[in-house]
Amino acid sequence: MREFAAELATGTGDPGPYAPFPHRVISRTKETADTTTLVLAPIGGGKGARFSPGQFNMLYAFGVGEAAISMSGDPSEEGTLVHTVRAVGNVSTALSRLKPGDVVGVRGPYGKGWPVDQMRGKDVVVMAGGLGLAPLRPVIYELYSHREDYGRVEIIYGSRSPTELLYYDEIQSWRTRTDTRFQVTVDSADRNWYGDVGVVTQRVPDARFDPARTIALMCGPEIMMKLSAQALEARGIAPSDIWLSMERNMKCAIAQCGHCQFGPYFICRDGPVLPYARIRRFLAVREV
Amino acid sequence: MSSVHRSIGDRLVLERSDFPMLLEGLRSRGYVTLGPVVRDGAIVYGPISRVEDLPIGWTDRQEAGSYRLEQRHDQALFGYTVGPHSWKKYLFPAHERLWTAERSPEGFHVLPRSEREPRYAFLGVRACELAAIRIQDRVFDGAFKDPGYHQRRSEALRIAVQCTQAGNTCFCASMGTGPRVDADHDLALTEILTGSAHYFLVDVGSERGAELATDLPLRPATEADVRAVDDLLEKTSASMGRTMNAVGLRDLLLGRPEHSRWTEVGKRCLTCTNCTLACPTCFCSTTEEVPDLDADRVERWRRWDSCFTLGFTHQGRASVRTSASSRYRQWLTHKLASWHDQFGTSGCVGCGRCITWCPVGIDITEEVAALRKEEPVAVPAGGAR
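Chains as they are written, first to last, in my numbering: chain R, 1 to 288; chain E, 289 to 673.
No lab work stands behind these hints: they were computed from the structure.
Even glycine gets a Cβ: it sits at the ideal position worked out from N, Cα and C.
Keep in mind that the hints are not guaranteed to be accurate.
To spell it out: a stretch of chain R is covered by chain E in this simulated footprint if at least three of its residues, at any positions, have a beta carbon under 8 Å from a beta carbon of chain E; those stretches are [what the hints assert, rightly or not]: (1) 33-41; (2) 128-139; (3) 207-219; (4) 253-259.
The calculated label-pair distances, taken between Cβ atoms and stated as ranges, are [what the hints assert, rightly or not]: (5) R:Tyr-168 x E:Ala-583: 30 to 38 Å; (6) E:Trp-589 x R:Ser-145: 53 to 61 Å; (7) R:Gly-44 x E:Arg-327: 35 to 43 Å; (8) R:Gly-44 x E:Ser-494: 41 to 49 Å.
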């Protein structure tokens with residue numbers, strides 16, 4: 001994809017940085033009632049662009065439009081892209097309806113991801129709320145596949161209900177690992193649910209980590225992240241070691257449309273992953 | 289006309305009677321000349337084919353929420369300041385096709401860009417507007433190059449005009465962007481009218497400007513001419529209708545998101561978007577998908593958007609900035625504070641358009657002055673709400 005882009009840029013008809021590159025839908029998994037995971041491969045083969053965990057792509061549904069969607073695949077796997085889409089607007093609904101064989105446009109990857117280099121050798125706390133697990137999944141792959149590079153790993157995943165859990169089978173297999181604690185909690189459940197009921201912040205007090213050498217990663221609704229960051233800070237983790245993946249309306253992904261600003265930051269360029277220390281003052285204000 | 293070699297830095301004089309030759313020089317070089325014209329009771333930018341297309345003998349009287357054209361007592365070609373338009377409408381058009389794609393057996397493919405960009409000559413670019421173009425360059429011609437902007441911008445010839453009078457809503461002197469034109473011009477003109485004399489001092493600012501000057505009937509400027517220009521610019525500087533203290537504004541505004549003035553201005557602001565449309569640096573845009581009827585061919589269009597609209601921050605099922613005060617705060621804080629973080633410069637050039645064209649006369653300089661005032665009770669920073 002990048003080679004293709006370079007070739008176009010030197011040609012006369014360069015369609016510019018907004019042009020999507022066609023990809024084929026290889027497979028489609030329905031995660032929940034409104035959430036679907038797509039596996040994509042560039043048309044014409046090739047390895048596809050490499051990405052860092054936490055980055056995102058602009059996905060394009062032909063004739064409908066574009067949406068910013070996080071990378072959710074294993075960053076070490078070449079040749080395919082994995083995206084989990086919740087049908088909310090017209091674009092995400094069109095993307096959710098794609099079937100194997102269909103074509104989708106991709107441009108990216110964009111943004112700054114999780115601080116993987118800073119995490120090595122340290123304890124890692126991962127907190128996910130709802131669809132917020134999707135952008136964290138690449139870093140969870142990284143943690144499990146290079147488990148010896150990290151200290152203690154605590155993963156806390158909260159969802160509204162058991163039926164809204166993403167990557168269900170994968171989580172089951174991850175939870176069999178004895179070198180990592182993967183906790184799942186839901187807001188409410190019927191009596192068939194044997195797991196925890198509650199919110200992710202309740203799991204913070206007994207999470208095992210050394211606050212002085214811990215990196216925390218989180219993604220979810222803003223209020224969940226705000227409260228989670230406060231809970232982790234109360235346990236002694238420095239705000240500069242707490243990283244949030246932020247979301248805002250996004251049109252261009254290249255810091256030209258102005259939509260995704262959060263304080264002085266373009267979420268597309270300076271984020272989506274930003275340290276709590278830099279954004280807490282803006283999280284504290286309404287309607288930023 | 290025998291051609292004479294001209295160089296960057298030359299200071300020359302063009303008589304008003306020879307001004308048509310400048311337009312002819314632009315035409316013969318294939319430029320589409322654009323400049324100020326009177327339309328719908330305002331001085332806007334449009335095509336110029338003859339000197340008479342310029343607003344000869346007109347001036348503008350501007351105040352917060354008010355703009356009126358008036359007759360001058362002379363026949364000045366550039367005897368006014370800036371109107372509702374800026375050059376951004378040519379470099380960053382309000383509506384522009386980004387790309388076209390067609391359905392194909394492989395799904396779809398994006399067609400090579402076929403747009404032929406015109407070669408513009410901008411006539412009458414003011415110092416604040418050159419500053420505004422420099423600011424938009426950082427947005428569209430930085431890490432990601434917008435091909436249309438890049439091509440139009442690098443081709444566009446800029447014939448600047450130094451302001452010999454300031455408007456009531458002008459404050460370029462405060463922002464350090466004018467009235468003197470000192471960079472990015474191909475030629476800079478200063479119109480001088482004294483008694484029966486009517487001429488232009490011409491500063492050559494680039495090779496292209498020098499080339500254009502070769503076949504113009506110019507004489508070297510005298511010391512008296514140069515002094516006349518300096519006096520005029522000094523007078524303009526001293527007569528700005530507004531001032532803004534821009535020192536330390538970045539930290540000040542980012543540090544006062546809870547200032548009561550935001551609520552107060554939010555009660556007056558209509559969120560009409562006029563300020564962002566008139567602003568020569570505002571760059572926000574949205575994209576639109578335009579399929580043909582059977583959706584075999586689609587076009588992706590970009591159009592100006594504004595942080596004052598409710599839909600601007602729509603996300604999921606709701607918008608982030610629902611109140612007028614939060615949108616005004618975003619606009620002002622972005623323009624004067626976070627622009628520094630993003631692009632290494634203020635986003636304000638002191639042109640005053642947002643003041644003049646605000647239907648309720650909200651004055652950015654007045655708002656900044658109010659925001660500078662300490663609140664009696666400090667709001668705890670960083671506290672949860």
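The hints, checked one at a time:
| no. | hint | verdict |
| --- | --- | --- |
| 1 | 33-41 | violated (count 0) |
| 2 | 128-139 | violated (count 0) |
| 3 | 207-219 | violated (count 0) |
| 4 | 253-259 | holds (count 6) |
| 5 | R:Tyr-168 x E:Ala-583: 30 to 38 Å | holds (36 Å) |
| 6 | E:Trp-589 x R:Ser-145: 53 to 61 Å | violated (43 Å) |
| 7 | R:Gly-44 x E:Arg-327: 35 to 43 Å | violated (51 Å) |
| 8 | R:Gly-44 x E:Ser-494: 41 to 49 Å | holds (45 Å) |
Consistency note: the structure conflicts with the earlier hints numbered 1, 2, 3, 6 and 7.
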